[in-house]
Amino acid sequence: MGIEAWVRRVPPAAESPAIAPEPVVEATPGPEPEPAAATAAADNDAVATLGWEALRERVLGCTACALHTSRTQAVFGVGNPEADWLIVGEAPGAEEDRRGEPFVGRAGQLLDAILRAAGQDRTSAYIANILKCRPPNNRDPEPEEIGCCQDYLARQIALIRPRLILAVGRIAAQHLLATDQPIGRLRGRVHRWGEAGIPLVVTYHPAYLLRSPGEKRKVWEDLQLAMQSIREPAEAARQ
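If you count the sequence shown from 1, position 97 lands on 97 in full-length UniProt numbering, and the numbers rise without skipping.
Don't take each hint at face value.
[As the list claims (entries may be wrong)] FRET-style restraints, in silico, Cβ to Cβ:
1) Pro-182 / Gln-224: 20 to 26 angstroms
2) Glu-232 / Thr-72: 38 to 44 angstroms
3) Lys-218 / Glu-57: 24 to 30 angstroms
4) Val-78 / Leu-177: 28 to 34 angstroms
5) Ala-66 / Arg-163: 34 to 40 angstroms
6) Arg-161 / Thr-72: 26 to 32 angstroms
7) Glu-144 / Glu-232: 36 to 42 angstroms
Hints listed in this document are in silico derivations from the structure and should not be mistaken for laboratory results.
Source: prediction; values computed, not measured.
Even for Gly, the Cβ is constructed at its ideal location relative to N, Cα and C.
Please model the complete structure; the sequences and the hints are all you need to start from.
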């Protein structure tokens, strides 16, 4: 049509003004968690969500400490999962390791008699140990071994929701109460365990009573204290 079209020319790239890139701010990475520590923390969190059967399977297959290499089997516990009484001992012995049940043999027979005196037995109470695997030669548990098992016991307590914990023996009492006081000083009064404030009574281990039968009277006193600690809240609730 006789009209000349004007087209804007784009300057060559070399002639374009340089555009400085925006600065990139790099975050300073924090320290990487130790792989073992991270795994342990994840495992601990997982244990706190397990139901009974899953918890049992976790314990029976546990390889968290070296005791799994010498055990016959882990000893989970036995009794009523909705028990009012939870009896906590130290660790499995040779017979417990063989049979997979806590407190068997002569010490177990004596514990059964102690429970009957309190109106309980293996079907109404629940029996467990601080340690789920037998230490070689029945030695005292090492702190790291107890540490590997403590979440298992804590989960058992959370699932059972007992009205009373009977700590049987020095190791069980000291661990549950986080103290190094001798058992003689821990007896004779009602302690409280955890945020729920579960009554906890300390008494002697049946194996000790087999060696020192004269101390059985003190165990009866402990049982009376335990029964009273359960009876009083029930009576108060009825008033």
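Tested hints:
{"no.": "1", "hint": "Pro-182 / Gln-224: 20 to 26 angstroms", "verdict": "holds (22 angstroms)"}
{"no.": "2", "hint": "Glu-232 / Thr-72: 38 to 44 angstroms", "verdict": "holds (42 angstroms)"}
{"no.": "3", "hint": "Lys-218 / Glu-57: 24 to 30 angstroms", "verdict": "violated (39 angstroms)"}
{"no.": "4", "hint": "Val-78 / Leu-177: 28 to 34 angstroms", "verdict": "violated (24 angstroms)"}
{"no.": "5", "hint": "Ala-66 / Arg-163: 34 to 40 angstroms", "verdict": "holds (36 angstroms)"}
{"no.": "6", "hint": "Arg-161 / Thr-72: 26 to 32 angstroms", "verdict": "holds (31 angstroms)"}
{"no.": "7", "hint": "Glu-144 / Glu-232: 36 to 42 angstroms", "verdict": "holds (39 angstroms)"}
Hints 3 and 4 from the list above are not met by this structure, while the remaining hints are.
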